[in-house]
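J.: Numbering (our numbering), first residue to last: 1 to 406.
Where hints are given, some of them may not hold.
What the hints assert, rightly or not - Below, simulated PhoX-like cross-link-like pairs (lysine-lysine); rule was C-alpha separation at most 20 Å, straight line:
1) Lys133 x Lys298
2) Lys228 x Lys180
3) Lys259 x Lys180
4) Lys298 x Lys404
5) Lys305 x Lys366
6) Lys163 x Lys228
As the list claims (entries may be wrong) - Just the calculated beta-carbon pair ranges, DEER-fashion:
7) Asp275 x Asp175: 26 to 34 Å
8) Ala295 x Asp175: 31 to 39 Å
9) Gly206 x Lys404: 15 to 23 Å
10) Lys404 x Thr106: 41 to 49 Å
11) Ala74 x Asn319: 13 to 21 Å
12) Pro302 x Glu151: 51 to 59 Å
13) Thr388 x Asp359: 34 to 42 Å
14) Asp221 x Thr376: 17 to 25 Å
15) Thr106 x Lys366: 27 to 35 Å
16) Lys176 x Lys196: 36 to 44 Å
Since the hints were derived computationally from the structure, they do not count as laboratory data.
We put the CB at the ideal spot given by N, CA and C, even for glycine.
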Amino acid sequence: MRRNLSSTFNRRTFGAIAAAGVLAASLTACGANAAGGGTEAYKVGVLVGLTGSYAALGEPERKAIELYFEDVNASGGVNGKKVELVVLDSTSDEGNAVNQLRKLATQEQVHAVLGPSSSGESIALKSFAKSLKLPVISLASSSAIVSPAAEATYMFKEYTDTKLSLQAQLALAKDKGWTKIALLATNDGYGQDAVKTIEPLVKEAGVELVANEVFNATSTDVTAQLSKIASAAPDVVLVWAVNPANAIVAKSAASINFKPILFHSPGAGSPAYIDNAGAAGENTLLQGSKVLAAADVKESDPQYKVVRNLVDKYTAKYNEAPGQYSANGWDGAMLLENALKNLKSEPSGLQDTRDAIRDSLENNTKDLTAVNAIYTFTPEYHGPTGLTGLTVLAVKDGKFVVEKTY
1 MRRNLSSTFN RRTFGAIAAA GVLAASLTAC GANAAGGGTE AYKVGVLVGL TGSYAALGEP
61 ERKAIELYFE DVNASGGVNG KKVELVVLDS TSDEGNAVNQ LRKLATQEQV HAVLGPSSSG
121 ESIALKSFAK SLKLPVISLA SSSAIVSPAA EATYMFKEYT DTKLSLQAQL ALAKDKGWTK
181 IALLATNDGY GQDAVKTIEP LVKEAGVELV ANEVFNATST DVTAQLSKIA SAAPDVVLVW
241 AVNPANAIVA KSAASINFKP ILFHSPGAGS PAYIDNAGAA GENTLLQGSK VLAAADVKES
301 DPQYKVVRNL VDKYTAKYNE APGQYSANGW DGAMLLENAL KNLKSEPSGL QDTRDAIRDS
361 LENNTKDLTA VNAIYTFTPE YHGPTGLTGL TVLAVKDGKF VVEKTY
């Protein structure tokens, strides 16, 4: 079924894919054939979790990516070409993400892919991106997505590593004199990446890890784990989870009158965390995107303009404020547009275009100021490095405010 959307995107296709039971959406411009270089459009796959456990991430990512390229196309496209999006649902499942990547590569013949939403899905795609020779920009955090470099030649990622986020959390803890640290993490790929990463960083920071507990990502009560942590009397609990689990942790802590500093990972980066946690979320901390506290970002901040651009356009389009996952999608789109603008030469076909995009991502992502970070990629590492641009937020009076900027 096709219907007219706007002068920017002439067609959008919604179709049920029987074999996978997923939703596909294709935003096209001027009936362009995007099979390779020299055609009228760049064809880009958007592979995110629109259903399943990561739907809370995938939906705002999709909306931000669509909005970004709607704006790009309205301004004439990239290199005089429109950008056509093909949106597929990973269903938040690693196996299905792999199947959908194959579909995007072989049937849809896209030039590049944005997504998936989670670290587990992204890691599962790594070897397939290489064998298919299809550049993929993950919207997730684990360093394993892009390492070792020899296995990740076609994988890139826009979000800060778990290691960097933990370093930002621990640096603030040390500054505040919080020397006794606890970790509470989910049992999925996101939480377990923190579990695997934290111990050497704690030693580096000169603080002590006094408790380390795991809970099911779908739990509705975490009081048992928090009671164990409470017995260790930590100053701060680092919570590595993805919404809505973060709010459940805050409420569970309040229910047993356990009052350490709760310091969330970027997984809590959504206004929904404040809504769901209610009073239990007050005074909690979050290492997350400046977009969540846009009103606090100063004009002198190098990220001010890009943050305001996302906030203003997203709010006008969707009548809601963007969150962490909107910023993830936006930054992924920025990275891809920058790569397309800086292609070394006009590619001559589908694979030439894919390879040219891969090379441009690797060689031409230099000090790119975006919402979540300031990006520089190298052949050795296809992700953001360093703390510059990272932010710690606090919940005060029911809203996010900037606590510290690195």
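J.: All hints are to be evaluated individually against the structure, with a verdict given for each.
T.: How the hints compare with the structure:
Distance check on the hinted pair: Lys133 and Lys298 sit about 41 Å apart at the alpha-carbon level, beyond 20 Å; violated. Distance hint between Lys228 and Lys180 is fulfilled; the C-alpha atoms sit about 14 Å from each other, no more than 20 Å. For the suggested pair Lys259 and Lys180, the alpha carbons sit about 14 Å apart, so the restraint of at most 20 Å is met. Restraint check for Lys298 and Lys404: the C-alpha separation of about 12 Å stays at or below 20 Å, so the hint holds.
Between Lys305 and Lys366 the alpha-carbon distance is near 18 Å, which keeps this suggested pair within the 20 Å criterion. Between Lys163 and Lys228, the direct Cα distance comes to roughly 25 Å. Violation of the 20 Å bound is thereby established for this hinted pair. For the pair Asp275 and Asp175, the supplied restraint of 26 to 34 Å holds, since their beta-carbon distance comes to about 30 Å. The hinted window of 31 to 39 Å between Ala295 and Asp175 is violated, with their beta carbons roughly 24 Å apart.
In this structure the supplied range 15 to 23 Å holds for Gly206 paired with Lys404, their Cβ-Cβ distance being about 18 Å. The hint said 41 to 49 Å for the Cβ distance between Lys404 and Thr106, and at roughly 46 Å that hint holds. A C-beta distance of roughly 19 Å is found between Ala74 and Asn319, which places it inside the suggested range of 13 to 21 Å. Distance hint for Pro302 and Glu151: a CB-CB separation of about 33 Å, inconsistent with the stated range 51 to 59 Å.
For Thr388 paired with Asp359, a C-beta distance near 25 Å fails the hint of 34 to 42 Å. Restraint check, Asp221 to Thr376: a C-beta distance of roughly 43 Å breaks the suggested window 17 to 25 Å. Checked against the given bound of 27 to 35 Å, the beta carbons of Thr106 and Lys366, roughly 33 Å apart, stay inside it. Taken as a hint, the range 36 to 44 Å is violated for the pair Lys176 and Lys196, whose Cβ atoms sit roughly 25 Å apart.
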